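K.L.:
Sequence:
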Amino acid sequence: MQEDNFKPLLMGYLDSELTELESIRVEQHLEQCAECARELEEFRRLKEVTRNMRVATPDARSWDEYWSHVYNRLERRVGWVLVSIGAILILSYGVYSLIAKFLLRSDFPLIVRFGAVAIVVGFCTLLISVLRERLFMSRIDKYERIKR
Numbered sequence: 071m072q073e074d075n076f077k078p079l080l081m082g083y084l085d086s087e088l089t090e091l092e093s094i095r096v097e098q099h100l101e102q103c104a105e106c107a108r109e110l111e112e113f114r115r116l117k118e119v120t121r122n123m124r125v126a127t128p129d130a131r132s133w134d135e136y137w138s139h140v141y142n143r144l145e146r147r148v149g150w151v152l153v154s155i156g157a158i159l160i161l162s163y164g165v166y167s168l169i170a171k172f173l174l175r176s177d178f179p180l181i182v183r184f185g186a187v188a189i190v191v192g193f194c195t196l197l198i199s200v201l202r203e204r205l206f207m208s209r210i211d212k213y214e215r216i217k218r
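In terms of our numbering, the sequence shown opens at residue 71 and continues consecutively.
Calculated directly from the structure, the hints in this document are not laboratory data. Treat the hints with care, as some may be off.
Cβ pair distances, simulated, as ranges [claimed, not checked]: (1) I155 x E118: 38 to 44 Å; (2) V148 x A107: 57 to 63 Å; (3) R204 x L159: 19 to 25 Å; (4) S176 x R204: 58 to 64 Å; (5) F193 x K77: 30 to 36 Å; (6) S199 x G149: 20 to 26 Å; (7) R209 x R108: 41 to 47 Å; (8) R114 x S199: 54 to 60 Å.
Computed from a predicted model, the values in this text were never measured in an experiment. Where is the CB? At the ideal position from N, CA and C, for every residue including glycine.
Take the sequences, apply the hints, and build the full model.
P.N.:
Laid out in structure tokens, this is it:
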């Protein structure tokens with residue numbers, strides 16, 4: 071077998087997860103390949119270090135601070151949702167009023183009415199496009215956790 075075929079087996083060998091035949095082949099390969107033997111020794115040291123590690127339990131103050139940040143984020147999101155709903159309702163009423171009082175009147179020239187419709191539709195399209203893009207980018211922002 072080639073050396074690349076043995077590297078994936080090293081952790082299995084270290085954890086005694088290989089069959090007897092695979093273990094024998096790995097041992098024979100380790101006698102001939104210094105690089106794989108060195109890598110196996112590094113895995114052994116890493117396994118020993120991680121075996122001796124213990125998880126640090128955060129103190130009560132850290133937990134309080136963590137939950138405070140979570141609640142702040144939730145409150146802000148709920149607040150923004152409510153503000154957005156209110157803005158949508160008010161803008162919708164404004165568009166309705168514009169259509170009912172301005173665009174349906176026949177005493178305004180047709181070009182003015184089409185121009186007003188184009189401005190409103192264009193503005194709404196841009197607004198929705200920017201909001202959608204910001205929402206999408208906020209989900210995949212790689213630098214979200216970096217403090218400036």
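K.L.:
None of the hints should be skipped; say for each whether it holds.
P.N.:
Status of the hints after comparison with the structure:
1. I155 x E118: 38 to 44 Å: violated (57 Å)
2. V148 x A107: 57 to 63 Å: Since V148 and A107 have Cβ atoms about 58 Å apart, the given range 57 to 63 Å holds.
3. R204 x L159: 19 to 25 Å: holds (21 Å)
4. S176 x R204: 58 to 64 Å: violated (40 Å)
5. F193 x K77: 30 to 36 Å: 59 Å Cβ-Cβ, so the 30 to 36 Å window is violated.
6. S199 x G149: 20 to 26 Å: This hint holds: roughly 24 Å between Cβ atoms.
7. R209 x R108: 41 to 47 Å: holds (43 Å)
8. R114 x S199: 54 to 60 Å: holds (56 Å)
Checked against the numbered hints given earlier, this structure breaks hints 1, 4, 5; the rest are met.
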